[in-house]
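Chemist: Below, each chain spelled out in residue letters.
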Amino acid sequence: AQSVAQPEDQVNVAEGNPLTVKCTYSVSGNPYLFWYVQYPNRGLQFLLKYITGDNLVKGSYGFEAEFNKSQTSFHLKKPSALVSDSALYFCAVRDVERGYQKVTFGTGTKLQVIP
Amino acid sequence: DAGVTQSPTHLIKTRGQQVTLRCSPKSGHDTVSWYQQALGQGPQFIFQYYEEEERQRGNFPDRFSGHQFPNYSSELNVNALLLGDSALYLCASSLGGASGYTFGSGTRLTVV
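Residue numbers (our numbering), protein chains in the order written: chain A, 23 to 137; chain B, 4 to 115.
Watch out, some of these pointers could steer you wrong.
What the hints assert, rightly or not - In silico lysine-lysine, DSSO-like type, Cα no more than 27 Å apart, as pairs:
no., chain 1, residue 1, chain 2, residue 2
1, A, K91, A, K71
2, A, K80, B, K29
3, A, K132, A, K91
4, A, K91, A, K44
5, A, K99, A, K132
6, B, K29, A, K71
Just so you know, the hints here were simulated from the structure itself, not pulled from any lab data.
All chains should be modelled from the sequences, with the hints used to inform the complete structure.
Modeler: Given below as C-alpha cells:
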C-alpha cells in the first residue's frame with residue numbers, strides 16, 4: 023500500500039527565514055508526488071508535483087521541493103518565508119506502477135510564519 | 004475558466020438521514036475523486052470516477068455511493084448517516100493520473 027508521512031504537526035519559522043516542511047513516502051514502484059496547501063475552511067490548492075526528471079521541482083508562490091529517492095523524501099522548501107504562507111500543508115503520493123488511481127495524503131503540517 | 008464547483012457549501016442532517024453532494028469538475032477534466040476530511044485530519048480517499056464508472060474505492064462502507072454523469076459532473080450519496088460522517092467532503096477533478104488535482108472548496112456536512 024502507498025503511504026505518506028509528515029512527521030511534524032507544526033512548523034514555526036520567522037518571516038524572511040528559509041522554511042522546510044518534511045515528507046517521506048512509501049510505494050512499491052515509482053511515485054508521483056504532490057504538495058498542496060489549505061487555508062481555513064477552504065479546499066486544497068495545488069503547489070507542485072514530481073513525476074520524473076529533475077529532482078528539484080519548482081512550484082507556485084516561490085515554493086520548491088526536492089525528490090530524494092534513496093531517502094524516500096519529498097521535502098517542501100522556500101528560501102524566504104512570508105506571513106501569508108501560514109497555512110496547512112499536505113504532501114501526497116500516487117503509486118504509479120501498482121496501477122493505483124488514488125492519491126494518498128499525509129496528515130498535514132501547520133506552518134506558522136511569525137512576523 | 005471555472006474551477007471545481009461543489010454544492011451545497013454547508014449542510015446539517017439528522018442521524019439516519021440520507022444526503023447527496025454535488026460536484027462539477029474543472030472544464031476539460033474527466034476524472035472526479037471524492038475525499039472526506041475530518042477536523043484536523045488529512046483527506047481520506049472515498050472513490051474515483053472516470054468514464055461514468057467507479058475506478059477505485061477507498062476503505063469506506065457501502066453507505067457511501069457515487070455517480071458520474073456524461074458531462075463529467077458527479078454526486079456523492081451517503082445513506083443512514085452517522086455522527087461520525089460529519090466532515091468536510093472534498094471533490095477533486097483531474098485529467099489523467101499525472102496531473103495534480105483541482106479541488107473544490109468542499110461541502111461541510113454536520114450530522115446531529
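Chemist: Let me make sure I understand: some of the numbered hints might not hold for this structure. Which ones are they, in numerical order?
Modeler: Per hint list: zero violations.
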